[in-house]
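Same order as they appear, the protein sequences are chains A and B.
Read in this note's numbering, the first sequence has 235 at position 235, and its numbers run on one by one without any break.
Just so we're on the same page, this note's numbering is the position in the second sequence counted from 1, plus 1000.
To be clear, the hints were calculated from the coordinates, so they are not data collected in a lab.
Treat the hints with care, as some may be off.
[Unchecked claim] Cross-link-like lysine-lysine pairs, in silico, DSSO-like; alpha carbons within 30 angstroms at most:
1) B:1396 / A:396
2) A:277 / A:6
3) B:1006 / B:1128
4) A:85 / A:128
5) B:1342 / B:1277
6) A:6 / B:1396
7) A:277 / B:1078
8) B:1277 / A:78
9) A:78 / A:89
10) B:1150 / B:1128
11) B:1128 / B:1396
12) A:396 / A:128
13) A:396 / B:1006
14) A:277 / A:342
15) A:128 / A:342
Keep in mind the model is a prediction, meaning the values are calculated, not measured.
Number of protein chains: 2
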Amino acid sequence: MSIFIKNVQYEQSSVDIFIEGDHISRVGERLVCDADRVLDGTGKAVVPGFVNGHTHAAMTLFRGFGDDMPLERWLHEKIWPREAKLTDKDVYWGVKLACLEMIKSGTTCFCDMYMHYPVILRAVEEMKMRALLGSVVFDHFNDDIAARYKQEAERNMALPHSSRVSFSFAPHAIYTVSADTLQWVNHMAEANNCLIQMHVAETQTECRNALDNFGATPIRYLHRIGLLTPRLVLAHCLWIDDDEIRMIADHGVQVIHNPASNLKLGSGHAFRYEEMKAAGIKVGFGTDSASSSNNLDMIEAAKLASLLQKGWRNDPTAMPAREALHCITAAGAGILRINAGKIAPGYLADLCLINLNAPAFTPGNDFVSNLIYAASHGSCVDTVICDGNILMENRKVAGEEEILAEVNALTREFITEQ
Amino acid sequence: MSIFIKNVQYEQSSVDIFIEGDHISRVGERLVCDADRVLDGTGKAVVPGFVNGHTHAAMTLFRGFGDDMPLERWLHEKIWPREAKLTDKDVYWGVKLACLEMIKSGTTCFCDMYMHYPVILRAVEEMKMRALLGSVVFDHFNDDIAARYKQEAERNMALPHSSRVSFSFAPHAIYTVSADTLQWVNHMAEANNCLIQMHVAETQTECRNALDNFGATPIRYLHRIGLLTPRLVLAHCLWIDDDEIRMIADHGVQVIHNPASNLKLGSGHAFRYEEMKAAGIKVGFGTDSASSSNNLDMIEAAKLASLLQKGWRNDPTAMPAREALHCITAAGAGILRINAGKIAPGYLADLCLINLNAPAFTPGNDFVSNLIYAASHGSCVDTVICDGNILMENRKVAGEEEILAEVNALTREFITEQ
Chain A
1 MSIFIKNVQY
11 EQSSVDIFIE
21 GDHISRVGER
31 LVCDADRVLD
41 GTGKAVVPGF
51 VNGHTHAAMT
61 LFRGFGDDMP
71 LERWLHEKIW
81 PREAKLTDKD
91 VYWGVKLACL
101 EMIKSGTTCF
111 CDMYMHYPVI
121 LRAVEEMKMR
131 ALLGSVVFDH
141 FNDDIAARYK
151 QEAERNMALP
161 HSSRVSFSFA
171 PHAIYTVSAD
181 TLQWVNHMAE
191 ANNCLIQMHV
201 AETQTECRNA
211 LDNFGATPIR
221 YLHRIGLLTP
231 RLVLAHCLWI
241 DDDEIRMIAD
251 HGVQVIHNPA
261 SNLKLGSGHA
271 FRYEEMKAAG
281 IKVGFGTDSA
291 SSSNNLDMIE
301 AAKLASLLQK
311 GWRNDPTAMP
321 AREALHCITA
331 AGAGILRINA
341 GKIAPGYLAD
351 LCLINLNAPA
361 FTPGNDFVSN
371 LIYAASHGSC
381 VDTVICDGNI
391 LMENRKVAGE
401 EEILAEVNAL
411 TREFITEQ
Chain B
1001 MSIFIKNVQY
1011 EQSSVDIFIE
1021 GDHISRVGER
1031 LVCDADRVLD
1041 GTGKAVVPGF
1051 VNGHTHAAMT
1061 LFRGFGDDMP
1071 LERWLHEKIW
1081 PREAKLTDKD
1091 VYWGVKLACL
1101 EMIKSGTTCF
1111 CDMYMHYPVI
1121 LRAVEEMKMR
1131 ALLGSVVFDH
1141 FNDDIAARYK
1151 QEAERNMALP
1161 HSSRVSFSFA
1171 PHAIYTVSAD
1181 TLQWVNHMAE
1191 ANNCLIQMHV
1201 AETQTECRNA
1211 LDNFGATPIR
1221 YLHRIGLLTP
1231 RLVLAHCLWI
1241 DDDEIRMIAD
1251 HGVQVIHNPA
1261 SNLKLGSGHA
1271 FRYEEMKAAG
1281 IKVGFGTDSA
1291 SSSNNLDMIE
1301 AAKLASLLQK
1311 GWRNDPTAMP
1321 AREALHCITA
1331 AGAGILRINA
1341 GKIAPGYLAD
1351 LCLINLNAPA
1361 FTPGNDFVSN
1371 LIYAASHGSC
1381 VDTVICDGNI
1391 LMENRKVAGE
1401 EEILAEVNAL
1411 TREFITEQ
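The following block holds chain A by itself, in its conformation from the complex (with noise of 0.2 angstroms):
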């Protein structure tokens, strides 16, 4: 299949893109292009798709059960009794909910982490999105529980991916997985080439207990137990000092920042983004889970995190909008080591047509400032294309009644348990 957009705002030019398969093959001005499909991008901007870099997308069914808690009580509450109820059937629907809602805001390729990988799998491949899923591993010190955890990521790495969906591990936190898991997880995956992704520093307990339990912060023991490396992507970082960073950089350790999360969470507001950036950390962003952040929007995620490094650092010039327009497309997809994040030939596939005809992008004085401060959601985007496939066009997605009437029928009953 080929798709020829014409005529497309891209930066400070109008653009024509040809994308042949998987992949864009060329970008200029007045292209003369034979293709399957031909797009007028008039009125439109083109834009590389977002990557979310850290989320949990079988959570969207918990999106508003138990908001505005302390965080202990939600999740023994709320939370982990109902999550313990979750049935394949749930989790499916739960992803594909997730998908249609990435896919309207933007989003062409995600990194997860949970449970009940195999129909998370399904879902993905048959929303045809990309992503970086993640085999979940606890073990909660315990060496049965690590058992059950090991064999089940070997079973989930084995599964037949298309070129789209890769595996990578997910050790949860060094608060429920022993240093011996993780120094299995770490050797299974520079065995077989994979990335692993972890909660780390997310908040202050965290941080307080590690010292407690190993003597260490938790980027120190990471370096301890010999963790830290370029295969490793920390979710979070919210509470670490200079030293961490250093160490982190070193490493080539990757960062995803979650503003939306650590703020609702309650789990702090002053991630270190300067730093790491003159350390020379890659940082992506992420929204978490719907359940913490309550949406999988990564225009919000990019506006929140830069207003948030202003307004703690009461610095105006902190991460301009074309750093936070970075952060979601090419750093992001650095970081799950994808080729995309780019519209240039080679690069693939994954791009959004984002619709100008609106107040926010009025008037036209800076098209990455209105995408990220103005518009700033990703209502404002009206076609998605992945790995060379239209999964929106005018702002409508394939089977979007059903997903949301599926989960509407399955959820009815978290409604009455809350």
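Use these hints to put chain B onto chain A, whose structure you have.
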């Protein structure tokens, strides 16, 4: 004109709403009414129209004009030189654009402060929004300037206003308006039963300068010169101490919090909402101008305000979704002395219908949570009614293409200047 909204979700039930003239006359189940217009509320929820407590509508022309710059350079190099050249025509179309954007995001009423009052009044009357317009007062500590702005304010106050639009005095700030002129404003406002709106304690610099120049922090200075009364609406109040909160509360002064602007301009992040609430102060939210924040979206303001409270306090229970919704509806209306902000008989017919057929409202565990935390943006608003007139239906506003085209034509030169 009468409007009958059938079968719309309101809190936990499905209701019918009958609007006669400018007000809601009946709310109940299975009403039988004979109306000029019948709207089907199936698949929609009703909320009061949002109240934007602080903005400078005409500055929507400057959206994206010099972002990410240090505050002083932004004002001196970008905003003030361009502002000095604004014509009545520029302001007229800037306000029309702002009204269009507000209507499209569910705002029915706003509080404005800017120069060129007569054309602002004309644009707002034409757009059929409700507004408290502020006649700006400056004197830069110079008697001639003071005389000019006083005359202008008196002339503006005498202009014919519809029942939807009211006059207020808008002395800019304590560093641009002398105590004499502030006291004149206070006297005039009392004599004419008007509100006074003003920027106060927005930056640390302002507070330091107040100590240097007046020997007191801004709120203490206003107290000393007799300005603290229930007529006073203060925008920002970001840098205030416990005693100042007490003074604001004791004198019935109201506060408008502008979270996006405060963050983006690097003014600060730690707005003391919980302390103000405990002291009994009425707090509403505003967007500030689109040149600082960069949109006029009140749902976004509500989410941001809530997330910021939780984040900087490390407390997920701070400012729940319902409280944030209250701030942008009933609290805002109360502060502007408007009998709106509630869906009940006798209240002004200022309301929005929200489209629930979207991922953000799925599952429907909790409508208010989904509205503020998940939809988190005005694009979920389907229909807007203000003063009993339908301003938007099915996301269409009369004349929107013309407004976008006029503003784009007018502002082409801004881009060249940049």
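Hint check:
Distance hint between residue 1396 of chain B and residue 396 of chain A is fulfilled; the C-alpha atoms sit about 18 angstroms from each other, no more than 30 angstroms. As the CA atoms of residue 277 of chain A and residue 6 of chain A are separated by approximately 36 angstroms, the hinted pair breaks the 30 angstroms bound. Restraint check for residue 1006 of chain B and residue 1128 of chain B: satisfied, since their Cα atoms lie roughly 24 angstroms apart, inside the 30 angstroms limit. The suggested pairing of residue 85 of chain A with residue 128 of chain A holds, with an alpha-carbon distance near 28 angstroms, which does not exceed 30 angstroms.
With a C-alpha separation of about 20 angstroms, the suggested pair residue 1342 of chain B and residue 1277 of chain B falls inside the 30 angstroms cut-off, and the hint holds. Distance restraint check for residue 6 of chain A and residue 1396 of chain B: the Cα-Cα separation of roughly 27 angstroms lies within the 30 angstroms cut-off, and the hinted pair is therefore satisfied. Distance restraint check for residue 277 of chain A and residue 1078 of chain B: the Cα-Cα separation of roughly 28 angstroms lies within the 30 angstroms cut-off, and the hinted pair is therefore satisfied. Distance hint between residue 1277 of chain B and residue 78 of chain A is fulfilled; the C-alpha atoms sit about 28 angstroms from each other, no more than 30 angstroms.
Restraint check for residue 78 of chain A and residue 89 of chain A: the C-alpha separation of about 20 angstroms stays at or below 30 angstroms, so the hint holds. Restraint check for residue 1150 of chain B and residue 1128 of chain B: the C-alpha separation of about 28 angstroms stays at or below 30 angstroms, so the hint holds. Annotation: proposed proximity of residue 1128 of chain B to residue 1396 of chain B holds, straight-line Cα distance about 15 angstroms (limit 30 angstroms). Our distance criterion of 30 angstroms between C-alpha atoms is met by residue 396 of chain A and residue 128 of chain A, whose separation comes to about 15 angstroms.
The hinted pair formed by residue 396 of chain A and residue 1006 of chain B meets the criterion: a straight-line CA distance of about 27 angstroms does not exceed 30 angstroms. Taking the CA atoms of residue 277 of chain A and residue 342 of chain A, the gap is near 20 angstroms; set against the 30 angstroms cutoff, the hint holds. This hinted pair checks out: residue 128 of chain A and residue 342 of chain A have alpha carbons roughly 20 angstroms apart, not beyond 30 angstroms.
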